Amino acid sequence: MLKNLLSLRDSSGLVLMNDTLELRSRLILDCFTNTWERRGGSVHILSYDREKDAIQRCFPANSLDRIIIHDAFGAPDKYAPSMWVDCFSKEEEPFTLVIDSLSTALIYHQFEDVYMGLLCLLRKAESLQLVLALLHTDVHEEHQVAKLCHLASTTLTAYAHDAAKMAGCKIVHRKPGGRVLREDEEFVFTADLLITDIKKVTHKKEEKPVVQQPDPAANLTFNLRLSNEEKAAKDNLVLPYIKGPSAGRGKGEITYVMERDDDFDEEDDPDDDLNF
Numbered sequence: 031m032l033k034n035l036l037s038l039r040d041s042s043g044l045v046l047m048n049d050t051l052e053l054r055s056r057l058i059l060d061c062f063t064n065t066w067e068r069r070g071g072s073v074h075i076l077s078y079d080r081e082k083d084a085i086q087r088c089f090p091a092n093s094l095d096r097i098i099i100h101d102a103f104g105a106p107d108k109y110a111p112s113m114w115v116d117c118f119s120k121e122e123e124p125f126t127l128v129i130d131s132l133s134t135a136l137i138y139h140q141f142e143d144v145y146m147g148l149l150c151l152l153r154k155a156e157s158l159q160l161v162l163a164l165l166h167t168d169v170h171e172e173h174q175v176a177k178l179c180h181l182a183s184t185t186l187t188a189y190a191h192d193a194a195k196m197a198g199c200k201i202v203h204r205k206p207g208g209r210v211l212r213e214d215e216e217f218v219f220t221a222d223l224l225i226t227d228i229k230k231v232t233h234k235k236e237e238k239p240v241v242q243q244p245d246p247a248a249n250l251t252f253n254l255r256l257s258n259e260e261k262a263a264k265d266n267l268v269l270p271y272i273k274g275p276s277a278g279r280g281k282g283e284i285t286y287v288m289e290r291d292d293d294f295d296e297e298d299d300p301d302d303d304l305n306f
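With the numbering used here, you'll find the sequence shown wraps up at 306, consecutive numbering, no jumps.
Possibly wrong hints are sitting among the right ones.
To be verified - Listed next, the in silico EDC-like pairs over lysine to aspartate or glutamate satisfying Cα-Cα at most 20 Å (straight line):
hint : residue 1 : residue 2
1    : Lys230    : Glu216
2    : Lys108    : Asp83
3    : Lys82     : Asp101
4    : Lys82     : Asp95
5    : Lys200    : Asp214
6    : Lys177    : Glu142
7    : Lys154    : Asp116
8    : Lys82     : Asp60
9    : Lys33     : Asp227
10   : Lys195    : Asp222
11   : Lys200    : Glu213
12   : Lys200    : Glu52
13   : Lys195    : Asp227
14   : Lys195    : Glu215
15   : Lys120    : Glu156
16   : Lys229    : Asp214
17   : Lys108    : Glu121
18   : Lys200    : Glu216
19   : Lys230    : Asp214
20   : Lys230    : Glu215
21   : Lys108    : Glu81
22   : Lys230    : Asp40
23   : Lys120    : Asp101
24   : Lys229    : Asp40
Stated by the list, open to error - Just the calculated beta-carbon pair ranges, DEER-fashion:
hint : residue 1 : residue 2 : range
25   : Ser119    : His191    : 38 to 44 Å
26   : Gln86     : Val231    : 33 to 39 Å
27   : Val210    : Ser157    : 25 to 31 Å
28   : Cys88     : Pro239    : 48 to 54 Å
29   : Pro239    : Lys82     : 55 to 61 Å
30   : Leu38     : Val210    : 17 to 23 Å
31   : Met146    : Glu81     : 24 to 30 Å
32   : Val210    : Leu94     : 36 to 42 Å
33   : Glu81     : Val231    : 35 to 41 Å
34   : Ser119    : Val210    : 29 to 35 Å
35   : Leu224    : Ile98     : 19 to 25 Å
36   : Glu81     : Asp168    : 22 to 28 Å
Derived from the structure by calculation, the hints contain no laboratory data. The structure presented is a predicted model; accordingly, all values stated were derived computationally and were not measured. Cβ coordinates follow ideal geometry from the N, Cα and C atoms, glycine included.
Construct all of the structure, not just a fragment, from the sequences and the given hints.
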């Protein structure tokens with residue numbers, strides 16, 4: 031999946047780069063920018079977190095003609111979300127947009143304004159290939175992070191790796207048909223801001239331990255099981271046969287014994303089915 035994003039193959043829409051204050055992901059952001067520029071693409075950086083000079087020092091001098099920096103660090107009102115469409119829809123050549131970062135933009139502007147700014151940008155900027163936005167997830171409310179992740183076609187969440195110069199990234203990609211792909215990949219950072227040696231991480235399924243069921247007959251003072259000799263004796267045992275009298279079928283008669291004080295009346299037995 032990372033290879034597709036780096037090559038802009040089958041990739042579009044909003045890509046969220048989620049990080050935290052303890053584990054920053056700006057280096058990955060710069061690696062994407064540098065890779066896209068090296069492939070001959072035009073990259074626009076909407077920077078709320080760094081000054082223009084600080085960004086330019088991160089990249090080779092010969093690449094700055096294809097990296098256009100929009101300095102929202104010193105003038106955040108100039109790049110309000112309502113102006114994003116007007117600012118970037120004028121581009122005629124295909125380009126990618128890097129927002130560094132959405133978290134700082136949300137300090138200056140309302141959440142709904144930023145959300146609508148992203149939505150309009152994705153729908154109306156015809157030359158825009160992809161938006162890569164950095165989001166510090168631990169400084170926002172959960173429902174805001176969830177809403178932005180729902181808008182994004184891909185979310186990336188980096189994590190630390192045991193080996194030096196390596197990192198891992200959990201990827202959630204939503205296809206246009208609604209299918210969700212989840213992948214875990216690890217990669218290597220190089221000194222010239224490239225991501226190499228991308229490999230998928232396969233997680234082995236943990237086998238559930240088999241719980242040994244206790245034998246209910248283990249501690250009994252008597253034996254519930256028959257030995258082979260006892261089974262043979264049981265099979266050879268001849269039981270006595272007694273022929274019992276077969277009971278006849280009932281006649282369904284009703285007999286009533288008249289008492290001395292009873293007064294018999296034929297109407298008491300209209301069906302004539304009682305035996306007095």
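Given hint Glu121 paired with Lys108 - CA-CA distance at most 20 Å: Holds. Lys108 to Glu121 sits at ~18 Å (cutoff 20 Å).
Pairwise hint evaluation, Asp214 against Lys229, where the allowed Cα distance is 20 Å at most: holds (9 Å)
Supplied distance hint 38 to 44 Å, evaluated on CB atoms of Ser119 and His191: Since Ser119 and His191 have Cβ atoms about 40 Å apart, the given range 38 to 44 Å holds.
Hinted pair Lys200 and Glu216, Cα distance within 20 Å: holds (9 Å)
Satisfaction of hint between Asp214 and Lys200, Cα-Cα up to 20 Å: holds (5 Å)
Beta-carbon spacing of Glu81 to Asp168 - inside the hinted bounds 22 to 28 Å or not: For Glu81 and Asp168 the Cβ distance comes to about 24 Å; the hint holds.
Straight-line alpha-carbon gap Lys120 to Asp101, limit 20 Å: The hint holds at about 18 Å.
Restraint check for Lys82 with Asp60, where alpha carbons must lie at most 20 Å apart: Roughly 14 Å between the alpha carbons, so the hint for Lys82 and Asp60 holds.
Pairwise hint evaluation, Glu142 against Lys177, where the allowed Cα distance is 20 Å at most: holds (10 Å)
48 to 54 Å as the expected CB spacing between Pro239 and Cys88, which holds or is violated: holds (50 Å)
Hint consistency between Lys195 and Asp227 [alpha-carbon to alpha-carbon, up to 20 Å]: holds (11 Å)
Status of the given 33 to 39 Å range, CB of Val231 versus CB of Gln86: Distance hint for Gln86, Val231 holds at roughly 35 Å.
Hint compliance for this structure: no hint is broken.
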